[in-house]
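Take these sequences, add in the hints, and give me the full structure.
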Amino acid sequence: DARVTQTPRHKVTEMGQEVTMRCQPILGHNTVFWYRQTMMQGLELLAYFRNRAPLDDSGMPKDRFSAEMPDATLATLKIQPSEPRDSAVYFCASGLLGAETQYFGPGTRLLVL
Amino acid sequence: GDSVTQMEGPVTLSEEAFLTINCTYTATGYPSLFWYVQYPGEGLQLLLKATKADDKGSNKGFEATYRKETTSFHLEKGSVQVSDSAVYFCARGQGAQKLVFGQGTRLTINP
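Residue numbers (our numbering), protein chains in the order written: chain X, 1 to 113; chain P, 1001 to 1111.
To be clear, the hints were calculated from the coordinates, so they are not data collected in a lab.
Since we're looking at a predicted model, the values are computed, not measured.
If you want a taste of the chain P side facing chain X, the calculated C-beta under 10 Å gives, among others:
1) G1041
2) L1046
3) G1093
4) K1098
5) G1102
No residue lacks a Cβ here, since even glycine has one placed at the ideal position from N, Cα and C.
As C-alpha cells, then:
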C-alpha cells in the first residue's frame, strides 16, 4: 500500500531555530505539494513541484521559507528562522502527472515557542 | 478567483442519522470535484470524486453528485456511524493539477 511519508511527525522548537521537514512522495508520482493547515486559515498551498522543478511557490513567505526536491524521492521544506506564527501542521501531497487526485502524508505538527 | 464554499460546522448527529454537507464552487470552467476526509491526527484522504456534470461519486456509503446547474457537490450518507466522525473537505480542480479546498466541516457522530 503506497503512501506518502513525512518526517518528523512532531517538532517543537524555539523561535529563531531552523526547521527542516521531509517528505517522500509515492514512488512514480511526479508532482509534490506542500500545504500548511491552521485553525484560522484552513488549508493553504505553499508550493508545488512537477518533475522536481518548482512551479509555484507564491503561497510561501519568501524571506524565511524554502522548498526543494533534491531528488525524485525527497522533498524538503525549510523554515529559517522559525517564528511562533509558523506553528501549524504541514502536509505534503503527491500525484501523478496529468491526474488531479492528490495523496496526502500524515503531516508534521510544528510548534514554535 | 476559484473558490469552494462549504457548510459551516461543526455538525453533530446521532448514529444512523442522514447526513448532508453542502458544497458549492465557483463556476469557472468544468473542474473536477472532490471530497476528502481527515480523521484525527491524520492527513487528508480522498473519499470520492466526480469529473463531469451529472457524475456521481461514491465510496463507503457516501455519495455526491456533480450539479453544474447549481454549481454544487453536496456530500450525503444515508446512515452515519460513529467512525464517520472526521473533518470533511470539498475541493475543486484549479488546473495544472492544483486543488482549491473549502474550509472543512467537522462532523461528530454520537452513539
